[in-house]
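> Read off the chains here:
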Amino acid sequence: MGLSFLPKEYEFFDMFDNLANYCVSASKQIQDSVSSENFTGSEVQKIKNIEHAADKITYEIFEKLNNTFITPIDREDIHSLAHELDNIVDLILKISNMMTIYNVDKVNKKFLEVLKLIDTSIDYITKAVNGLRNLKKGNSIHEYCRQVNNLENLGDQLRNEAIAELFSGGFDAIYIMKWKDIFLNTEKLLDQCEDVAKIIESIIVKQA
Amino acid sequence: MGLSFLPKEYEFFDMFDNLANYCVSASKQIQDSVSSENFTGSEVQKIKNIEHAADKITYEIFEKLNNTFITPIDREDIHSLAHELDNIVDLILKISNMMTIYNVDKVNKKFLEVLKLIDTSIDYITKAVNGLRNLKKGNSIHEYCRQVNNLENLGDQLRNEAIAELFSGGFDAIYIMKWKDIFLNTEKLLDQCEDVAKIIESIIVKQA
Amino acid sequence: MGLSFLPKEYEFFDMFDNLANYCVSASKQIQDSVSSENFTGSEVQKIKNIEHAADKITYEIFEKLNNTFITPIDREDIHSLAHELDNIVDLILKISNMMTIYNVDKVNKKFLEVLKLIDTSIDYITKAVNGLRNLKKGNSIHEYCRQVNNLENLGDQLRNEAIAELFSGGFDAIYIMKWKDIFLNTEKLLDQCEDVAKIIESIIVKQA
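Sequence order for the protein chains is D, L and R.
Just so we're aligned: 588 in the numbering used here is position 5 of the first sequence, and the numbers increase by one with no gaps anywhere.
Just so we're aligned: 670 in the numbering used here is position 87 of the second sequence, and the numbers increase by one with no gaps anywhere.
Just so we're aligned: 721 in the numbering used here is position 138 of the third sequence, and the numbers increase by one with no gaps anywhere.
Hints were generated in silico from the structure; no laboratory data involved.
Note that the structure is predicted; figures quoted are calculated from it, not measured.
Note that the list lumps identical chains together, so a pair holds whenever it fits in one copy or between two copies.
Straight-line distance between alpha carbons at most 35 Å, and here's what the computed DSBU-like set of lysine-lysine pairs gives:
1) Lys677 <-> Lys629
2) Lys719 <-> Lys699
3) Lys761 <-> Lys677
4) Lys710 <-> Lys781
Work out the full structure: start from the sequences and follow the hints.
Right, here's the structure in full:
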């Protein structure tokens, strides 16, 4: 171990920022992949690469946690936050894989709307994660987390509308089957964002 | 806090009775909504109102738990029982919402049979909850819980028959998709009732 | 309790061997049931009998655990291993029941391939369980567990191929619905095998 001019505890925050940035990249990438309302599976490899990078940094956070005696925030919160941020990237990859396996070609329009909600939610999470190194900004972090919760509620409404539309007649059974499954997983993704927000809020409360 | 002539600990039992009664109301309401073998989503609002009321009393139980030093039954059992009773109402609302979103119009006949099982199960739970304030009646409470378990087993059989019927030919794929999902959730509801019965049985065992 | 010439602690290993053998029997039986590429539900009863026998030995392990003061491996590991091995048999029965209820007649060819993976995975688990009584063979047990993990990964690939095939056109919605559900459960079964392998690996690590 070399000398470090920065207090070592700040490294955790850098690592979390990196991990949150991978969430952002994965979200941008899935949006790009479907932006033309056509889905080309060839783009999935890019998300797979992001997922590998996110796995790597998550593993590094766990390693550092094992080798650090005094941590800037509770050990179990560091573990949960890394794990749950990593799950966001995993779910984005899962949805992309699902679209390939289901041989999706024409993209459901409500799906594009849900992806935008997800992207906004991940942006708020990134801001909240970034704020962790300066908890005097607790109020704005709390506001970011509140926005993530709002977006989860909006997502539930949008999913209900999307599924109601699928079953309103005019769509064939196989199309309904595919998109019902995909919307189930976008719901999980927004729930996952909410879980991350909850962890961040509990960190703020403890440090207050 | 004012004076109370009743020992305060009894209030928990009153609150549990109230919560169990909301389970009964929600069950009666979903039966009414589909009784004509047609489903009209306009009735869902009534179940939504019951669900809000159940949430409120559950929250009040948690509040009271936080402010009470000595509780008549184990703290964690009070918490679990409130939470799991509330989940019964949540699941009834979920099934009602699902029927609206799936644009269900003609009600599957086996569904009406399952709803009757659910209603009977909730009646036994209400009796068991009511019995908690007088644990000398442990034997009859145990019998109510045993009935809830029986009804869960009967529900499994009935669900298997219902799904087998859906796949026996003569139904179109979209109809099958809707009802398979709904029967999956009625199964969860009967499992949920069984979970409540298990909590009640464990309370009796501890106090014996 | 009578006298026993064998050290009593070895009985746990015999019981685990028995339980693992029931996993093997259930796996062989489901393979037989579908080997002709036709599925006849009459064979399900045999799997049901195996499942009852596995339940019985699992219960006996729990009983013995309650009555034994010093155990050859950690108490919680004995409990988990019994419970998770029993779950393997439960899942095989669940898949068989599902095939009956879904009125499956023509067996999907990829399903036969998945069943072979499952059978191989269960064979490795049986060898690993058998090795527990002689932990000097830790290395070979570790190798069996590694193979179980490999098979889980292969299973994921095979399931993706199977689902992609279902959605490639040429299959009707009801057929897709049935087999998608069945492949979801074979995935759970291979995950379950991996969970057992994890427990066994953690036992080896602790005793090393």
